[in-house]
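Colleague: Sequence:
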Amino acid sequence: MTLAVLSILSGLSGIGHIICEYKKHYPLIYTLKPLTILLIIVAVGLHSPLNNYATVIIAGLSLSLLGDIFLMLRNQKFIAGLVSFLLAHLLYIYAFYLQLNEQLQWLHLLYFSLPGAAYYAYLYNGLGKLKIPVLVYVTAIVMMAFFSFEVYLSTGSVYALAAFVGAIIFMISDATLALNKFKQPFHAAQLIILSTYYVAQWAIAYSTFG
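Offset between the sequence shown (1-based) and the numbering used here: plus 565.
The set of hints was computed from the structure by calculation and includes no laboratory data.
From a predicted model like this one, the values you see are computed outputs, not experimental measurements.
Take every hint as true, because none was put in to throw you off.
DSBU-like cross-link-like pairs, simulated, lysine-lysine; straight-line CA separation at most 35 Å: (1) K589 with K746; (2) K589 with K696; (3) K588 with K696; (4) K589 with K642; (5) K748 with K694; (6) K748 with K589; (7) K589 with K694; (8) K694 with K588; (9) K694 with K642; (10) K746 with K696; (11) K696 with K642; (12) K588 with K748; (13) K588 with K642; (14) K746 with K694; (15) K642 with K748.
With the hints as extra help, turn the sequences into a complete structure.
Modeller: Structure representation (structure tokens):
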């Protein structure tokens, strides 16, 4: 199956999932949500050079798929989903580390840690018993964005740029999820969370094709 076909199918599956979330059509939600990421995994497996980088990205996508399964359950297993995505982010960090060919510029970490810390402070009072788990998660996604940025600076490739853009969009998705869960639920939340999530995962997957 060609990359273009897999891209179209994953996009249609993601759009269908978002529509079903608003219609509360659970059988299709349970089908389309994991199918979307599964199609992205298949695309990487079939069309990327199966080097260490692609293998680690596939592992991260697989953990994301597991996290999706936990979070879509009616009796949501939020902590299990959080741990799955945390491990996925750690794998993405390791994958980006594998791509580095220059020393890290740690001052650049401020570009991501300062907004991350400010947002965590904004959420803090609503986190309840999840203050430490959310702090660990925020730290991981900040580091993911930082490492992807460093890879882009060191290589300048369009594939590294895709990974960096994916990491930033992932931050937007997770920030929206946190806002909706811990601060102020709003109707458009699922549209923003899911659309950015699928675009982010596809962008990170695209980075394996170079």
